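Colleague: Take a look at the letters that make up each chain.
There are 2 protein chains.
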Amino acid sequence: MTQTQHNLQSVQAETPEGTAPAGPTTGPLTAEELQLSARNHSMPLEAMRRDVTPPGLHYVLTHFDIPDIDATSWHLLIGGAVERSLELSMAALHKDPAITVPVTLECAGNGRSLLSPRPISQPWVLEAVGTAYWTGVPLAYLLGKAGVLPSAREVVFTGADAGIQGGVRQRYARSLPIREAMRADVVLAYSMNGHELPPQHGYPLRLVVPGWYGMTSVKWLESIEVVTAPFTGFQQHVAYRYQDSADDAGTPVSRIRVRSLMVPPGIPDFLTRNRTLAAGPVLLQGRAWSGEGAVTGVEIGIDGAWLPAQLEKPLGGFAWRKWTLPWVAEPGEHVLSCRATDATGATQPLEQNWNYQGMANNMVQQVRVTVA
Amino acid sequence: MTQTQHNLQSVQAETPEGTAPAGPTTGPLTAEELQLSARNHSMPLEAMRRDVTPPGLHYVLTHFDIPDIDATSWHLLIGGAVERSLELSMAALHKDPAITVPVTLECAGNGRSLLSPRPISQPWVLEAVGTAYWTGVPLAYLLGKAGVLPSAREVVFTGADAGIQGGVRQRYARSLPIREAMRADVVLAYSMNGHELPPQHGYPLRLVVPGWYGMTSVKWLESIEVVTAPFTGFQQHVAYRYQDSADDAGTPVSRIRVRSLMVPPGIPDFLTRNRTLAAGPVLLQGRAWSGEGAVTGVEIGIDGAWLPAQLEKPLGGFAWRKWTLPWVAEPGEHVLSCRATDATGATQPLEQNWNYQGMANNMVQQVRVTVA
Chain S
1 MTQTQHNLQS VQAETPEGTA PAGPTTGPLT AEELQLSARN HSMPLEAMRR
51 DVTPPGLHYV LTHFDIPDID ATSWHLLIGG AVERSLELSM AALHKDPAIT
101 VPVTLECAGN GRSLLSPRPI SQPWVLEAVG TAYWTGVPLA YLLGKAGVLP
151 SAREVVFTGA DAGIQGGVRQ RYARSLPIRE AMRADVVLAY SMNGHELPPQ
201 HGYPLRLVVP GWYGMTSVKW LESIEVVTAP FTGFQQHVAY RYQDSADDAG
251 TPVSRIRVRS LMVPPGIPDF LTRNRTLAAG PVLLQGRAWS GEGAVTGVEI
301 GIDGAWLPAQ LEKPLGGFAW RKWTLPWVAE PGEHVLSCRA TDATGATQPL
351 EQNWNYQGMA NNMVQQVRVT VA
Chain C
1 MTQTQHNLQS VQAETPEGTA PAGPTTGPLT AEELQLSARN HSMPLEAMRR
51 DVTPPGLHYV LTHFDIPDID ATSWHLLIGG AVERSLELSM AALHKDPAIT
101 VPVTLECAGN GRSLLSPRPI SQPWVLEAVG TAYWTGVPLA YLLGKAGVLP
151 SAREVVFTGA DAGIQGGVRQ RYARSLPIRE AMRADVVLAY SMNGHELPPQ
201 HGYPLRLVVP GWYGMTSVKW LESIEVVTAP FTGFQQHVAY RYQDSADDAG
251 TPVSRIRVRS LMVPPGIPDF LTRNRTLAAG PVLLQGRAWS GEGAVTGVEI
301 GIDGAWLPAQ LEKPLGGFAW RKWTLPWVAE PGEHVLSCRA TDATGATQPL
351 EQNWNYQGMA NNMVQQVRVT VA
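Keeping their order, the protein sequence lines are chains S and C. Under full-length UniProt numbering, the residues of the first sequence are numbered 1 to 372, in order. Under full-length UniProt numbering, the residues of the second sequence are numbered 1 to 372, in order.
If we strip away everything but chain S, and leave its shape as in the complex, we get:
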């Protein structure tokens, strides 16, 4: 047998830096997508049995490499359109008042691999989500310390992670409008679920913006700059946009669309993940969330007939809400679904809502079960 890293190599050789990636495809998964899938990880659906998702179960997307930061020499810089620039050590940040917020984070590209044609990027299936308690200093408090000038429009957050995307050499950076940055629940977090941030979640400090897709919550945060004009960095202006086509300037992705997922009942087949379940009563359960308003209802589809699930007490803020539905499983093949609605009246679509980058696919999940 001969050397067969050729699959990956040939793709790499054919994609010179500086060119846009290939557009959406109906073709099979590429070696590049597989590489991304191996690097990044999603949340096994059974993790939704827990209110809180521990590291390793919570989804992670890293655009570039995970930086290896020495927290003892690290400083956060706050500058731009402020009365006084600040340079803060971790020790200084730990002396500031802290808040803890429960937050469901979801990748804006979640569900991308199920779209047709399929945009070429991280090929999430269903599970790029997770919920954690994030502890740290309210961003508004630090902006108050620095003194935001009246000319300020946005706040730009830059991480330590560097790389190339779409031909542009960059450090990962995103902005927030001032009104969002001043929300009481936006936190510069140094702790996840009561423990020091893991490396892959932004150690030693990250932004967490409840209600917005995960790209907003910049990890490995190094600088905060208040700016007087809209930020035009790659991750704001090119990536993370709702586009109809490559030529469409599009609109920015921001808040998380209403969505729900089910813990697949029964036991799985290793390869197919098809579920097998004993006939009789079973408690279906899952979680629902929205960044646009409280979850007000979840319906469970059983072979196409919809029944209202019971909603449990919310965890608070923009964290997911548990739902349950008792079901008496009868022998045969069944298709189970869940569909959430939020306070704005938005409901998950039954069919895909396609866009060029594969953003915010909140199409209803389907779980096939064999009851024997």
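Since the hints were made in silico from the structure, they are not lab data. A hint or two may mislead.
Partial pick of chain C residues on the chain S-facing surface, computed with a CB cut under 8 Å [what the hints assert, rightly or not]:
#: 1; residue: Pro28
#: 2; residue: Leu34
#: 3; residue: Ala38
#: 4; residue: Gly163
#: 5; residue: Gln200
#: 6; residue: Asp269
#: 7; residue: Thr272
Some but not every residue of chain C turned toward chain S, in silico, with C-beta under 7 Å [what the hints assert, rightly or not]:
#: 8; residue: Arg39
#: 9; residue: Ser42
#: 10; residue: Val125
#: 11; residue: Gln165
#: 12; residue: Pro198
#: 13; residue: Pro268
Bear in mind the structure is a predicted one, so any value in this text is a computation, not a measurement. Cβ atoms here follow ideal geometry from the backbone N, Cα and C, with glycine treated the same way.
Since the structure of chain S is already known, use the hints to place chain C on it.
Modeller: Leaving out everything else, chain C in the frame of chain S:
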């Protein structure tokens, strides 16, 4: 646009339970492989900068679902060919003498997706590996308490994780020969890197067998049975074997073959992961390990010319060993490789050593870098 979960559904519908999975293929990645890749996760290569791999960076393979175990009611059963059966609570196990061992675990299927033809299973690329300090009770101590009868041949370990594989309904179970089970460094671990086991690593108790591929280290351990005949469970007798073809009974996979990986230098392109590096001095680094003997050398290939790397002090036991090599990067395109040798004289192959299940692929890694 129409509902497009059809990719996954069609594959599922065409693979009835109880049939063997498709054989190796030269075709594109299937939706089933992508689903597995989304569920399981590997170690981003930059995590090799650390001696120890934290949860979320350490690889995880789960055959079925991650069980949700209440440790307060959980018990470990020890029985079979022993003088006295034992039923032990977590509280009881914590009173027993504990050891801590540094262990590099690697999935036996690591590198599978690079094989041609490609066996259909979890499509690992390069990174299904990780190193942790595992703390718990020596297995030999508990076997001593139970009193192994002279007729004993193997010890069977059964986890709480249940599912279907290859048409066989099962709880995950593997055996070890008595002589391996009695090794001083084989541990029933309740702690990983000084913290309670995370759910995905086997909470509340798992087996850790240093030097063997990861399938041996049964997670969510519920029972230990000493047996007087070779164990013929699915994961021993069907899965995890070196086979030439479907009809070949094959030989069992056991110890980890010598292998090394490099932290890719420079910065990545998001999609291709191609590396870009500034000209000048750079310290190449990575890790090397073997379950068959100590790592005795690592050579670094730079455009096909091999240079010896410097080996750092071992962490001990069967944990990986850090290597470094200073390199002066000259402008242009380069291919970097690393190739380890162990005390048995085994060296990583430059070409694939194919087998039917895609086991133990320790072919040399290649990293393409552009120096500008």
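Colleague: Looking at the structure, which of the earlier hints fail to hold?
Modeller: No hint contradicted; all consistent.
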